[in-house]
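Participant: Take a look at the letters that make up each chain.
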Amino acid sequence: MANTRLRIVLAEDAVLLREGLVELLERFGHEVVAAVGDSRDLITAVDEHLPDIVVTDVRMPPDFKDDGLRAAMDLRGRFPALAVLVLTQYATTAYACELLESGEHSRGGLGYLLKDRIGGVAEFLAAIDCVATGGTVIDPEVIHQLMGRRQVDEPLGRLTPREREVLGLMAEGKTNAAIAAALNVSQPTVAKGIGSIFLKFGLSEDDGHRRVLAVLTYLRS
Amino acid sequence: MTLLKHREMSGGGLVRPRLPMPIMARGLIHRRRALLISSPSAGRRPFANGYPPDAAPLNCRQALTRGPRVLLTSSWPWRSFGYLLCGAVFAFLIMGAEMNGLLFPDSLPDYAQLVLVVFLAAVISMPVAAAERLRLRIVDSEPVGNPHVAPDEAGLKAWLWLRIGEAATWREFSYMIALTTVLSVIDLGGVLLLGSVVILIAAPFAEPFVGLGPLVVFGSWHVSSLLDRMLVVLLGLVLLPLVAYTVTALAVGRASFVRLLLAPRESEIVARVQELTRSRIRLADAFEAERKRIERDLHDGAQQRLVALIMTLGIVEHGLEDEQSDRAQLVARARKEAEGVLADLRELIRGIHPQLLTDRGVPAAVTEVADRSPVPVHVDFTILERLVPAVETVAYFAVKEALTNVVKHSRARTAWVTGCREEDRLVLRVGDDGVGGARPEDGRGLQGLSDRVAVVGGRLKLLSPPGGPTELVVELPWRTPDSA
Numbered sequence: 001m002a003n004t005r006l007r008i009v010l011a012e013d014a015v016l017l018r019e020g021l022v023e024l025l026e027r028f029g030h031e032v033v034a035a036v037g038d039s040r041d042l043i044t045a046v047d048e049h050l051p052d053i054v055v056t057d058v059r060m061p062p063d064f065k066d067d068g069l070r071a072a073m074d075l076r077g078r079f080p081a082l083a084v085l086v087l088t089q090y091a092t093t094a095y096a097c098e099l100l101e102s103g104e105h106s107r108g109g110l111g112y113l114l115k116d117r118i119g120g121v122a123e124f125l126a127a128i129d130c131v132a133t134g135g136t137v138i139d140p141e142v143i144h145q146l147m148g149r150r151q152v153d154e155p156l157g158r159l160t161p162r163e164r165e166v167l168g169l170m171a172e173g174k175t176n177a178a179i180a181a182a183l184n185v186s187q188p189t190v191a192k193g194i195g196s197i198f199l200k201f202g203l204s205e206d207d208g209h210r211r212v213l214a215v216l217t218y219l220r221s
Numbered sequence: 001m002t003l004l005k006h007r008e009m010s011g012g013g014l015v016r017p018r019l020p021m022p023i024m025a026r027g028l029i030h031r032r033r034a035l036l037i038s039s040p041s042a043g044r045r046p047f048a049n050g051y052p053p054d055a056a057p058l059n060c061r062q063a064l065t066r067g068p069r070v071l072l073t074s075s076w077p078w079r080s081f082g083y084l085l086c087g088a089v090f091a092f093l094i095m096g097a098e099m100n101g102l103l104f105p106d107s108l109p110d111y112a113q114l115v116l117v118v119f120l121a122a123v124i125s126m127p128v129a130a131a132e133r134l135r136l137r138i139v140d141s142e143p144v145g146n147p148h149v150a151p152d153e154a155g156l157k158a159w160l161w162l163r164i165g166e167a168a169t170w171r172e173f174s175y176m177i178a179l180t181t182v183l184s185v186i187d188l189g190g191v192l193l194l195g196s197v198v199i200l201i202a203a204p205f206a207e208p209f210v211g212l213g214p215l216v217v218f219g220s221w222h223v224s225s226l227l228d229r230m231l232v233v234l235l236g237l238v239l240l241p242l243v244a245y246t247v248t249a250l251a252v253g254r255a256s257f258v259r260l261l262l263a264p265r266e267s268e269i270v271a272r273v274q275e276l277t278r279s280r281i282r283l284a285d286a287f288e289a290e291r292k293r294i295e296r297d298l299h300d301g302a303q304q305r306l307v308a309l310i311m312t313l314g315i316v317e318h319g320l321e322d323e324q325s326d327r328a329q330l331v332a333r334a335r336k337e338a339e340g341v342l343a344d345l346r347e348l349i350r351g352i353h354p355q356l357l358t359d360r361g362v363p364a365a366v367t368e369v370a371d372r373s374p375v376p377v378h379v380d381f382t383i384l385e386r387l388v389p390a391v392e393t394v395a396y397f398a399v400k401e402a403l404t405n406v407v408k409h410s411r412a413r414t415a416w417v418t419g420c421r422e423e424d425r426l427v428l429r430v431g432d433d434g435v436g437g438a439r440p441e442d443g444r445g446l447q448g449l450s451d452r453v454a455v456v457g458g459r460l461k462l463l464s465p466p467g468g469p470t471e472l473v474v475e476l477p478w479r480t481p482d483s484a
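Respectively, the protein sequence lines represent chains A and B.
full-length UniProt numbering applies: residue 1 is where the first sequence begins, and numbers increase by one.
full-length UniProt numbering applies: residue 1 is where the second sequence begins, and numbers increase by one.
To be clear, the hints were calculated from the coordinates, so they are not data collected in a lab.
Computed from a prediction, not measured in an experiment: that's the story for all the values here.
Any given hint could turn out to be false.
[Unchecked claim] Calculated lysine-lysine pairs in the DSS-like style (CA-CA distance at most 27 Å, straight line): (1) B:K336 x A:K174; (2) A:K65 x B:K292; (3) A:K174 x A:K192.
[Said to hold, decoys possible] From the derived model, a few chain B residues whose C-beta atoms are all more than 10 Å from chain A: (4) R61; (5) R79; (6) A121; (7) E153; (8) S220; (9) S256; (10) I383; (11) V427.
Quick reminder that beta carbons are idealized off the backbone N, C-alpha and C, glycines included.
The task is simple: from the sequences and hints, build the whole structure.
Facilitator: If you want it as structure tokens, here you go:
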């Protein structure tokens, strides 16, 4: 399943779930170098192991508030190459946006997924790979929330409904092929649509991670 | 937009919506005060002389001032007499007991008896006062409240210290002293007065049956002839209204004295209202803590186990991927159902208490609610401080309920929420450009909201003329965790 063997630091305070996740990740060829249940331990573990990707919960000790999220944002600031996947029970756009806005110089991939997604094993592993290779994955539920409201707002208002759909799927971390399959169109059509989105958002070829920037524009709009 | 909003919160009003008309110009439809503190009589007696002109008197004082026709045809003189009679009977019993040496043994020296009397008076003053307050109902239909404060802690010692420290206890004690000295005399006097007149009237008719000779004797004038008897009966009948007045007046004086000493004072009522307010706030805080506990239990317990279940089912499903069997389909279905339960649970937990509110406060949580609203909502908060959880929760749920109403009833195209600090209050305004005409009595939601707002000492105003626009104003006390 996994193309590369990733070194993962996992932070989750529910023991049952933590052990289950370790089992799942190792079963599919990854290496969990540390599994912790506390946001302070998470930071120590990352300092020590320098993993490829951090998978963390939002609420955890010591404060049982958004400790995990804050630790993730802190790590993104300190390790520009670190990929971070936040697994959560909160379909909250505010958390997702804070996470996206953190780590200004970070080149690492980013994910904000509901824990429900673990059940779709193949998709979940794909999301981990996507984030580990620098992609951005935002949970469809969060995307849906943003979709519901943003239609009147600029610059999203300039997009056609089909372009918005494409952008929504892009935000979920889907490849052009996957988007084409989901929308039942050809890949060149998708590519054309994406080009049009970049144009409308004013993103030029030199902007680098244009897909990420487009998603960010989308989420921030 | 979300980014923008954070800036609005700190900077104040980039896209502050135009309010369609000045708030002050519109009428106040619904206002609910946390507690109205006023003198007990002020609310109930709107008329100059204390009662409506045609209503029946509520106590013997009112009866006394309403002219002879009202007084003499009413039951108040009789009630007054009954009131005095109780006191007289009590006085008789005490005196009888004392004279027969039932109360104190004669062998005790005088000073010891005095100490005993004072001690006994102190001990029985509280039950006696309670009985007196109850007895006052005979001549006054308005009940007298208990001036004592309920003790905070259990135990006789705590109770005793509380009572000794209370002014009400000492007023009761002085009432007890007055009762055994002056008041009993008044009671007896009133009873004897009426008794004499009754004898004047009844004697001529009773004499043949008693057989003791003339019952009425004025000096050397023994009433015996028919003319004498008629004169005496006539005298009695003439005196009867006067006695009725006198007896009622005595009862009025006595009742006033009871109220003066045994009713709760204004300051005591205010103190109790303050205590009630405090206890209500404590209750609201406790309720809030309980909500958080339930939310946390669900989050850390059921929710995590469900995720683990979904994960296990996912692994099984993944293993059966290549198989086109019923088994694979059943497992897939089980996972979908578990995911549905998890989604329901997530909504439930959010409804109990959103984590975002705990973590980021009212502006962020309200923005999130606005994000989910099908009607576009502009949010503008100019507060940065965190308030106490009880206030934040009420603020959040008030806005949420208001926005739900906007979506359900208003047919609005846009809505707005503003939040700012005005003096010592957090003021939230939720408005829409819908059809208006909302009435607080229509929805249980609004009534419940009003109650929730009142619990933390806030108030709710609904401005919703037919045709719109509607604006709901929620004012809550500005309580920060430091000030609490």
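Participant: Next, verify each hint and record whether it holds.
Facilitator: Hint check:
A distance of roughly 22 Å separates the Cα atoms of B:K336 and A:K174; the hinted pair therefore holds under the 27 Å criterion. Distance hint between A:K65 and B:K292 is fulfilled; the C-alpha atoms sit about 12 Å from each other, no more than 27 Å. In summary, the hint linking A:K174 to A:K192 is supported, as the alpha carbons are separated by about 16 Å, within the 27 Å threshold. Residue placement check: B:R61 keeps its beta carbon more than 10 Å from all beta carbons of chain A (closest about 63 Å).
Distance to chain A confirms B:R79 as a non-interface residue, since its nearest Cβ pair spans about 66 Å, more than 10 Å. The claim that B:A121 is not at the interface with chain A holds, since no C-beta of that chain comes within 10 Å of its own (minimum 60 Å). The Cβ of B:E153 sits about 33 Å from the closest Cβ of chain A, beyond the 10 Å cut-off, so the non-interface label holds. For B:S220, the shortest C-beta to C-beta distance to chain A comes to about 101 Å, beyond the 10 Å cut-off, and the non-interface label holds.
Listed as a non-interface residue, B:S256 keeps its Cβ farther than 10 Å from every Cβ of chain A; the least gap is roughly 62 Å. With a closest Cβ-Cβ approach of about 16 Å to chain A, B:I383 is found to remain outside the 10 Å limit, as its non-interface label requires. Distance check on B:V427: its Cβ is at least 23 Å (rounded) from any Cβ of chain A, clearing the 10 Å threshold; non-interface status holds.
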